[in-house]
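> Go ahead and model the full structure; you've got the sequences and the hints to work with.
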Amino acid sequence: MLPRHPLAWLLWLAFAFTAALTTRNPLYLIVVLLALVVVYQAAGARSATGAAWSAFIRVGIFFAIIGVSFDALTTHFGDTVLFALPAHWPIIGGPITLEAIAHGAAGVIQLTCLLVAGATFSLMLDTAALLRYVPSAFYHAGLVLTIGLAFIPQTVAAFQDIRDAQRVRGHQFRAARDLLPLIGPLLTSGLERSIQLAESLEARGLGYTEGPSRPEWQPQAGLLLGSLALGAALFSLGYWGRQPWLLALGVAGAALLVGTLRRLAPSTRRSRYRRLAWAAADIALGMASGAGMVALLAIQVANPLALFYTPYPTLAWPPFNPWLGLVYLLLLAPLTPGLLHRESRA
Numbered sequence: 001m002l003p004r005h006p007l008a009w010l011l012w013l014a015f016a017f018t019a020a021l022t023t024r025n026p027l028y029l030i031v032v033l034l035a036l037v038v039v040y041q042a043a044g045a046r047s048a049t050g051a052a053w054s055a056f057i058r059v060g061i062f063f064a065i066i067g068v069s070f071d072a073l074t075t076h077f078g079d080t081v082l083f084a085l086p087a088h089w090p091i092i093g094g095p096i097t098l099e100a101i102a103h104g105a106a107g108v109i110q111l112t113c114l115l116v117a118g119a120t121f122s123l124m125l126d127t128a129a130l131l132r133y134v135p136s137a138f139y140h141a142g143l144v145l146t147i148g149l150a151f152i153p154q155t156v157a158a159f160q161d162i163r164d165a166q167r168v169r170g171h172q173f174r175a176a177r178d179l180l181p182l183i184g185p186l187l188t189s190g191l192e193r194s195i196q197l198a199e200s201l202e203a204r205g206l207g208y209t210e211g212p213s214r215p216e217w218q219p220q221a222g223l224l225l226g227s228l229a230l231g232a233a234l235f236s237l238g239y240w241g242r243q244p245w246l247l248a249l250g251v252a253g254a255a256l257l258v259g260t261l262r263r264l265a266p267s268t269r270r271s272r273y274r275r276l277a278w279a280a281a282d283i284a285l286g287m288a289s290g291a292g293m294v295a296l297l298a299i300q301v302a303n304p305l306a307l308f309y310t311p312y313p314t315l316a317w318p319p320f321n322p323w324l325g326l327v328y329l330l331l332l333a334p335l336t337p338g339l340l341h342r343e344s345r346a
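Mind the numbering: the sequence shown is residues 1 to 346 in our numbering, read in order.
Keep in mind that the hints were calculated from the coordinates and are not lab data. From the three backbone atoms N, C-alpha and C, an ideal C-beta is built for every residue, glycine too. Possibly wrong hints are sitting among the right ones.
[What the hints assert, rightly or not] Label-pair ranges, simulated between beta-carbon atoms:
#	residue 1	residue 2	range
1	200	323	38 to 44 angstroms
2	224	320	43 to 49 angstroms
3	165	17	33 to 39 angstroms
4	30	74	24 to 30 angstroms
5	259	14	48 to 54 angstroms
6	320	143	21 to 27 angstroms
7	294	88	49 to 55 angstroms
8	305	74	35 to 41 angstroms
9	86	200	55 to 61 angstroms
10	225	143	22 to 28 angstroms
11	165	88	45 to 51 angstroms
Okay, here's the thing in structure tokens:
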């Protein structure tokens, strides 16, 4: 079995997010989504939590479609009017346009790309291996993030088990009020898992530090001043442009934040039983993901109109560059022979 290096998958996730967030062109987003679905199907077929993540993606798409409906009812712009609601109705009153629906549909595809990419990353990632590369200042934050990612498929799987058990007992789900017999057991099982996890982490000494504690006001002041300086610089760049004093203020704020976080880092040593090695497939995945991300960012800087698309004021067929489409197909790099091979679980 070839090792699956976490940094290679982290690069792939960054490439997937860059591909989905740098354009609203539906044709490019469909290419991205198809590539991500192929990789997700290959990863989910070899994972015990694949079905749980599929349910999570369906729930996300459902709420995204609700958002599209709200967008179409509240955005009264566009030349192609489908129908009109009474103008005296608050918020939703006015014309319902095809352009608003197309804009919302592009947002659904974009959100679906993010959900599928995140689910694939969670399926293929070895969280324990990734935590080895998290800096000491962010170790606790990384641990909380990995625990949260693990709780998502566990909660979905528990929901499906409870639903099946209630159906065996004769309970029928017809309306929203019929979901009440699911909420209680689901919350109970979630709280029980949380308590067991907290006890396990406490037994392992998580958060215990040796030596005298540092004064609390110094790191708090550093985080506050660094955040204010960085936030003020980023906010002001939108009004005054790239002024030298704004850039200096942003760099100083970022440096103060990094220095404070490094000071807050726990003085603990990490032991490694075996260091992770980069296999050929991992190197191929990292290089393809890095090249694709750099290409998209270069295009965004050199020619922003190549990725720009808006359905307003009149809906038109979006442009499509085949060479740019090939860049998005680099998302299929995880399908390198042997990379997705996993040992069968009993």
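> Taking the numbered hints from earlier one at a time, note which ones the structure violates and give those numbers from smallest to largest.
1, 5, 6, 8
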